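Asker: Here are the chains, one letter per residue:
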Amino acid sequence: MLRTKICPYSIRTVYENKYMGAYMIENIIKIENVKYKYEKESNDYALNGISLEIKQGEFTAIIGHNGSGKSTLAKLINSILLPTEGKIYVKGMDTSDDSKLWDIRQAAGMVFQNPDNQLVATIVEEDIAFGPENQGVEPSEIRKRVDDALNTVGMYEYRKRPPHMLSGGQKQRIAIAGILALNSDCIVLDEPTAMLDPSGRREVMDTLKKLNKAGKTILLITHYMDEAVQADRVVIIDKGGIKLDGTPKEVFRNIDEIKKFGLDVPQVTELAQELVKEGINIPTDIIDVKELVDLLCQ
Amino acid sequence: MSIKAENIKYIYSEGTPFRTVALDNISIEVKEGDFLGIIGHTGSGKSTLIQLFNGLEKPTEGKIIVDEITVGEDKKLLSKVRQTVGLVFQYPEYQLFEETVAKDVAFGPMNLKLPQDEIDKRVRESLELVGFNFNKIKDASPFDLSGGQKRRVAIAGVLAMKPNYLVLDEPTAGLDPAGRNDLFEKIKTLHKKANVTVILVSHSMEDIAKLVNRVIVLYKGKIHMEGTPKEIYSQAEELREIGLGVPQVAEIVNELRSRGFNIRTDILTVEEAKEEILKEVRKRNV
Amino acid sequence: MFKNLTIGQHYPVESPVHELDPRVKIIMTFVFIISLFLIESFITYLVVGLFLALAIKVSKVPIKFVIKGLKPILMIIVITFIINLLMTPGKIIFQIGFIKITEEGIRQAGFMAIRLTLLIMGTSLLTLTTSPIILTDGIESLLNPFKRFGLPAHELAMMMTIALRFIPTLMEETEKIMKAQKSRGADFESGNIMSRAKNLVPLLVPLFISAFRRADELAMAMEARCYRGGENRTRMRQLKISKGDFVASGIFIVYFAAIIMIKIW
Numbered sequence: 001m002l003r004t005k006i007c008p009y010s011i012r013t014v015y016e017n018k019y020m021g022a023y024m025i026e027n028i029i030k031i032e033n034v035k036y037k038y039e040k041e042s043n044d045y046a047l048n049g050i051s052l053e054i055k056q057g058e059f060t061a062i063i064g065h066n067g068s069g070k071s072t073l074a075k076l077i078n079s080i081l082l083p084t085e086g087k088i089y090v091k092g093m094d095t096s097d098d099s100k101l102w103d104i105r106q107a108a109g110m111v112f113q114n115p116d117n118q119l120v121a122t123i124v125e126e127d128i129a130f131g132p133e134n135q136g137v138e139p140s141e142i143r144k145r146v147d148d149a150l151n152t153v154g155m156y157e158y159r160k161r162p163p164h165m166l167s168g169g170q171k172q173r174i175a176i177a178g179i180l181a182l183n184s185d186c187i188v189l190d191e192p193t194a195m196l197d198p199s200g201r202r203e204v205m206d207t208l209k210k211l212n213k214a215g216k217t218i219l220l221i222t223h224y225m226d227e228a229v230q231a232d233r234v235v236i237i238d239k240g241g242i243k244l245d246g247t248p249k250e251v252f253r254n255i256d257e258i259k260k261f262g263l264d265v266p267q268v269t270e271l272a273q274e275l276v277k278e279g280i281n282i283p284t285d286i287i288d289v290k291e292l293v294d295l296l297c298q
Numbered sequence: 001m002s003i004k005a006e007n008i009k010y011i012y013s014e015g016t017p018f019r020t021v022a023l024d025n026i027s028i029e030v031k032e033g034d035f036l037g038i039i040g041h042t043g044s045g046k047s048t049l050i051q052l053f054n055g056l057e058k059p060t061e062g063k064i065i066v067d068e069i070t071v072g073e074d075k076k077l078l079s080k081v082r083q084t085v086g087l088v089f090q091y092p093e094y095q096l097f098e099e100t101v102a103k104d105v106a107f108g109p110m111n112l113k114l115p116q117d118e119i120d121k122r123v124r125e126s127l128e129l130v131g132f133n134f135n136k137i138k139d140a141s142p143f144d145l146s147g148g149q150k151r152r153v154a155i156a157g158v159l160a161m162k163p164n165y166l167v168l169d170e171p172t173a174g175l176d177p178a179g180r181n182d183l184f185e186k187i188k189t190l191h192k193k194a195n196v197t198v199i200l201v202s203h204s205m206e207d208i209a210k211l212v213n214r215v216i217v218l219y220k221g222k223i224h225m226e227g228t229p230k231e232i233y234s235q236a237e238e239l240r241e242i243g244l245g246v247p248q249v250a251e252i253v254n255e256l257r258s259r260g261f262n263i264r265t266d267i268l269t270v271e272e273a274k275e276e277i278l279k280e281v282r283k284r285n286v
Numbered sequence: 001m002f003k004n005l006t007i008g009q010h011y012p013v014e015s016p017v018h019e020l021d022p023r024v025k026i027i028m029t030f031v032f033i034i035s036l037f038l039i040e041s042f043i044t045y046l047v048v049g050l051f052l053a054l055a056i057k058v059s060k061v062p063i064k065f066v067i068k069g070l071k072p073i074l075m076i077i078v079i080t081f082i083i084n085l086l087m088t089p090g091k092i093i094f095q096i097g098f099i100k101i102t103e104e105g106i107r108q109a110g111f112m113a114i115r116l117t118l119l120i121m122g123t124s125l126l127t128l129t130t131s132p133i134i135l136t137d138g139i140e141s142l143l144n145p146f147k148r149f150g151l152p153a154h155e156l157a158m159m160m161t162i163a164l165r166f167i168p169t170l171m172e173e174t175e176k177i178m179k180a181q182k183s184r185g186a187d188f189e190s191g192n193i194m195s196r197a198k199n200l201v202p203l204l205v206p207l208f209i210s211a212f213r214r215a216d217e218l219a220m221a222m223e224a225r226c227y228r229g230g231e232n233r234t235r236m237r238q239l240k241i242s243k244g245d246f247v248a249s250g251i252f253i254v255y256f257a258a259i260i261m262i263k264i265w
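Those protein sequences? They're chains G, S and D, same order as listed.
Using our numbering, the letters of the first sequence correspond one by one to residues 1 to 298.
Using our numbering, the letters of the second sequence correspond one by one to residues 1 to 286.
Using our numbering, the letters of the third sequence correspond one by one to residues 1 to 265.
Treat the hints as calculated values from the structure; they're not laboratory data.
The structure presented is a predicted model; accordingly, all values stated were derived computationally and were not measured.
Don't take every hint at face value.
[Claimed, not checked] With a straight-line cut-off of 27 Å between C-alpha atoms, the simulated BS3-like cross-links for lysine-lysine are: (1) S/K63 to D/K176; (2) D/K91 to S/K113; (3) S/K162 to D/K71; (4) S/K9 to S/K220.
[As the list claims (entries may be wrong)] Taking CB as the label site, the calculated pair distances span: (5) G/K209 to D/L70: 46 to 56 Å; (6) G/K209 to S/D117: 55 to 65 Å; (7) D/N232 to G/K144: 13 to 23 Å; (8) G/Y38 to D/V58: 51 to 61 Å; (9) G/P139 to D/A215: 23 to 33 Å; (10) D/L204 to S/R264: 47 to 57 Å; (11) G/D98 to D/F212: 54 to 64 Å; (12) S/G131 to G/G215: 45 to 55 Å; (13) G/E291 to S/R282: 15 to 25 Å; (14) D/A215 to G/E278: 54 to 64 Å.
Ideal Cβ placement from N, Cα and C applies to all residues, glycine included.
Using the sequences and the hints given, assemble the complete structure.
Answerer: Structure, rendered in structure tokens:
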């Protein structure tokens with residue numbers, strides 16, 4: 001069931017919400033036994049009993065092939081979709097509670113795949129202002145947030161440009177800045193790099209790592225392994241369920257299993273395991289090029 | 001028979017402040033039977049170059065010769081050129097428009113004004129070439145298919161023109177690893193079975209290294225490197241510097257070499273890397 | 001094919017005209033258009049022409065840009081001129097067969113051509129000196145008082161912004177689809193009107209599908225960024241009337257008063 005467009009009884013100020021964040025909630029996102037199907041009558045569950053907890057400040061990568069249900073999960077967290085069964089809590093707020101809708105969307109900002117279809121305004125800085133304008137923030141405060149966000153993503157010199165003149169990577173950085181201006185604690189990104197070239201992908205990943213260091217919780221949905229290895233935690237979803245969950249090292253050592261899910265594995269891990277099979281004495285959970293090289297050169 | 005580009009220069013927006021030299025002094029030849037890869041990042045001129053091949057754009061200077069026809073010299077031959085050089089754009093699924101898959105694939109042959117039985121034959125052949133069961137797929141609406149399937153239908157639509165050369169611009173963009181591997185497999189079969197000369201355009205070495213037998217690297221509108229995948233691979237560092245994707249194996253090999261490991265740099269696969277590393281490690285331990 | 005299109009083209013330089021409040025500029029342009037239709041003498045048009053020339057001079061927009069705005073409607077001006085020339089009854093000056101040229105016809109045709117030319121040049125000056133987004137802000141602010149009569153001022157402005165944002169994207173997309181279909185042997189350039197219209201199907205169907213997909217995704221992205229209509233919404237940029245606006249308004253009032261005076265005489 002899709003959220004009804006505009007919710008009439010939820011005009012709360014964002015300031016209230018700011019103080020709510022003052023006491024730390026350790027699990028910023030809590031997913032409890034969530035099931036979801038797109039059609040009422042069908043028995044086809046896009047998500048089939050998922051439970052997941054995301055800690056504040058954590059950088060989590062969710063990977064899975066197309067149709068594994070990973071994008072559905074993102075939309076559920078942002079309350080664009082509501083679970084068929086189970087509950088999702090964002091900063092303690094139930095996503096099916098209509099009165100909390102805007103607070104949830106503010107708390108967990110979302111970046112989508114197609115950079116062209118999420119920028120609203122004809123000028124970069126106007127676009128970043130869009131979120132806080134919707135929240136009814138004071139004009140001077142919006143200005144400040146917009147400038148801060150532009151500086152954080154390194155796009156300040158481009159603030160007067162029209163978005164269609166920017167590269168894909170730059171557009172996605174603007175989309176991220178738009179979420180920063182909402183003062184979201186958590187950023188959920190649904191395959192933000194799928195339509196980018198290698199340098200655009202690098203730009204986006206560098207920006208995300210920087211934001212994570214500054215304390216933002218990042219939930220990155222992707223199918224690129226080289227991006228997932230840069231996260232603190234990797235969750236693999238297949239056929240609507242969680243199959244593997246752990247640090248990149250813990251997850252990627254299961255090469256054969258991951259390949260069965262139709263996903264790639266980091267070549268460095270594969271190489272390391274091949275070498276182990278040949279009797280070389282190195283660990284099987286290497287995910288970093290430098291780590292492997294260091295071990296081999298000893 | 002070949003596609004020949006002779007001293008090509010292409011300038012955008014000549015006479016305005018936005019003037020850009022997209023291609024500068026490009027000369028290449030793609031011979032029949034080739035499997036060529038063109039790599040370069042966004043804005044390197046690769047998309048412009050392939051549009052010159054089938055006469056969608058005209059070079060500012062120089063000429064393109066497709067199977068002895070100089071492109072653009074005789075307007076009447078332009079449709080012949082477009083039929084000879086089949087061009088599959090990035091995200092080609094967005095060009096589908098007919099009610100059924102079969103009708104959409106028939107669009108090209110219909111424009112060639114072929115007899116109906118020839119059209120039907122080609123539609124069937126092309127759909128089978130990209131791995132479909134013709135009878136199952138022919139009446140489906142293209143808009144009900146999955147992303148990867150739509151893309152294969154779009155490719156079949158170009159194949160139905162029976163091109164001698166098939167140019168694919170980022171054919172796997174946006175597909176997941178399984179979809180990507182599947183499509184590359186199909187392209188490989190095309191090259192082998194249907195005897196089509198294939199030109200693959202990409203921004204990543206990783207995708208095309210295992211398929212093609214020659215690579216051209218475009219950078220800022222010029223040919224920056226040219227050679228076999230192995231030769232190009234051995235310069236992984238340089239590829240990275242000009243904003244291109246380099247597979248991890250190349251990174252590992254380069255890093256090892258810089259640390260005094262005696263290892264070949266023209267390694268393409270994990271398997272090869274393993275063999276080479278084992279050789280060296282065993283030598284050291286003896 | 002679409003590269004020469006100049007809808008609402010903005011010429012970004014710094015000038016006193018650029019800095020005026022968009023609301024002041026919109027009202028002035030509106031009144032300017034009204035003044036054009038009050039005039040009934042060639043000498044007064046000369047005054048208007050001089051006033052407009054002065055405004056263009058102050059705006060630092062090269063005159064050729066303003067004239068370029070006339071190109072797309074040149075045909076309309078010519079047709080209006082000919083219709084007025086041939087259809088106005090009055091004192092016949094000369095006649096070939098059934099074609100009669102009258103004195104009133106020449107006058108009327110001349111007036112219409114001059115009016116249209118000045119009208120387009122005047123409105124071009126507005127769009128050339130005001131960026132689309134500021135123009136939209138101005139329109140929204142001017143329409144706001146009409147909200148109580150049920151006019152959706154905010155929604156109209158938002159629609160305009162989104163349209164402006166997506167015009168370049170859709171143009172690019174049109175060109176891309178066109179090239180893709182041309183690669184499959186499509187012909188968009190020859191044939192009679194009927195077959196040409198039919199040939200557009202392979203272009204229009206994908207374009208519509210893509211536009212709907214974009215609209216859908218954009219709506220979702222806007223909701224995710226807490227968009228809930230114009231209620232309680234603030235704006236980062238505030239429109240402010242400054243000294244320059246008073247000066248410009250003063251000059252304009254003198255101009256309009258002069259036109260009215262000439263009219264009454």
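Asker: Any of the earlier hints contradicted here, and which numbers?
Answerer: Hints 2, 3 and 11 are the ones this structure does not satisfy, whereas the remaining hints hold.
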